[in-house]
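*Asks:* Taken in order, these protein sequences are the chains called A and B. Under the numbering used here, the first sequence is numbered contiguously, ending at residue 262. Under the numbering used here, the second sequence is numbered contiguously, ending at residue 262.
If a hint is listed, it holds; no wrong ones were tucked in.
Coverage of chain B stretches by chain A, computed from C-beta distances (three or more under 8 Å per stretch; other residues unrestricted):
hint, region
1, 148-154
2, 193-206
3, 211-225
4, 229-243
Pairwise CB distance ranges (calculated):
hint, chain 1, residue 1, chain 2, residue 2, range
5, B, 246, A, 188, 27 to 33 Å
6, B, 252, A, 71, 38 to 44 Å
7, A, 46, B, 24, 57 to 63 Å
8, B, 224, A, 203, 34 to 40 Å
9, B, 86, A, 189, 50 to 56 Å
10, A, 257, B, 246, 40 to 46 Å
11, A, 189, B, 154, 33 to 39 Å
The hints are simulated quantities; they were obtained by calculation from the structure and are not laboratory data. For glycine and all other residues, C-beta sits at the position ideal for the given N, C-alpha and C.
Listed below are the residues making up each chain.
There are 2 protein chains.
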Amino acid sequence: MTPEQAVERLRAAGLAASAAETVVAHLVEADDAGKHGHGMTRIPWLEGLLEEERDPSARPERIERTEGFERWHGRGALGHLTLAAICDALAADPPDRARLVVAESCFPTGVLGSWARRIAEIGLVAVVTATSPRRLPHPSGGPPLTGTNPIAIAVPSSDGRPFVADVSMGAVTHGDVLAGRARPDELVPFGGPQAHKAFALAAGLELLVGALAGPEPGAVVLATRPGFDPVPGFRDLAGGRRLPGDSGRRRG
Amino acid sequence: MTPEQAVERLRAAGLAASAAETVVAHLVEADDAGKHGHGMTRIPWLEGLLEEERDPSARPERIERTEGFERWHGRGALGHLTLAAICDALAADPPDRARLVVAESCFPTGVLGSWARRIAEIGLVAVVTATSPRRLPHPSGGPPLTGTNPIAIAVPSSDGRPFVADVSMGAVTHGDVLAGRARPDELVPFGGPQAHKAFALAAGLELLVGALAGPEPGAVVLATRPGFDPVPGFRDLAGGRRLPGDSGRRRG
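Just chain A, same shape as in the assembly:
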């Protein structure tokens, strides 16, 4: 499927042209990063969401705004559109020092590292996390308690190559399960014998986002102005080793 065809399909599902282009640009970026589970293969799933759960005509709304804090509500729009609007707002009016942005009803969110990278590209350190349907159980078993709850951290660099980490707490992705690349019982916190650590992170992010954004899947973005430039020195220290977010990166 070409990007143009993908835009056409999302427009046929009810999205306005600019919204469809925003979503497809994100899918193309995911494919370019090798994250095909979040790429163009998602079009049929997004069409289903727009038909059954999300509102194609909805627009995210900023419902609270101070220098250091904003609250947004997705109003039923695809989460990509809420995160894109948050990134645009940060670019248009960046914080002097730091701003926490809470997004209620923000699902799906796509590849968090892409949003974090956009924020780093305007010169801000970014932390982006989001909840999603509960899929990960406690390491001792039982029902799913948390989403895969990724967190992305992006740090600008004077060498023009931001550092971008993007880590999901699942040993495999839900997309892997849907595509038959992993068994459902493999969708557990990562870490094997130390899965209690990834579970603690997943639960912490679940409750952090839940306490700020409420019971629906949501997102939290922290954007802050760096005072130092640690990335080039870190790359030097790492020698030629591939760092998170470098091109040819694998999924974190």
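Given the coordinates of chain A, work out where chain B should sit on it, guided by the hints.
*Replies:* Relative to the frame of chain A, chain B by itself:
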């Protein structure tokens, strides 16, 4: 060693009485939580730090302050004192919505979960992270690139039992190595075959703190007011399973 004896030893190392009591209260709390590597066994190590590297008479200083952002500098004090001062300042004047607090020159920081819990006990959601000397290599080998870089997330609860996750990115702790409970080559990012995930988190936190707090080990605290109360429902869903931060907890 009793807490009184520990206070005496730190006073003999040059700390003022109130500072010694603050540090020892933190060590006692670590022991109570079963985190003995951060407990009273650290007294000789702290005495050495106060003799060689940290300044017993130093007091942390708040050097920048707005509603949504503060910057502190340890001025050579033990990091415990800087984090205790930050917690006290948050309790005295909590943010309306959110505040990011950056602490330069903040080492050692002890058990981050204890600081996060203190902030949750005043009704705020807390995220606390800190850097420490580089000890973890890239999963493919090479020199140490990051500290063990723990992150703690604490969320208040209407049932009076805050949720507290506290996760270090190392498979073992530096304390385990010092105590002979682990080999130096076991001090790597946790996760075994998925250690690239813990490394990405460790590197992300290294560069996040480095970009905000500079080249010395530092700390970053986010404190924000919850709008929702997700912890009781999460406990219900988990049934009787032990959650991070519950008493009898093991190290995350």
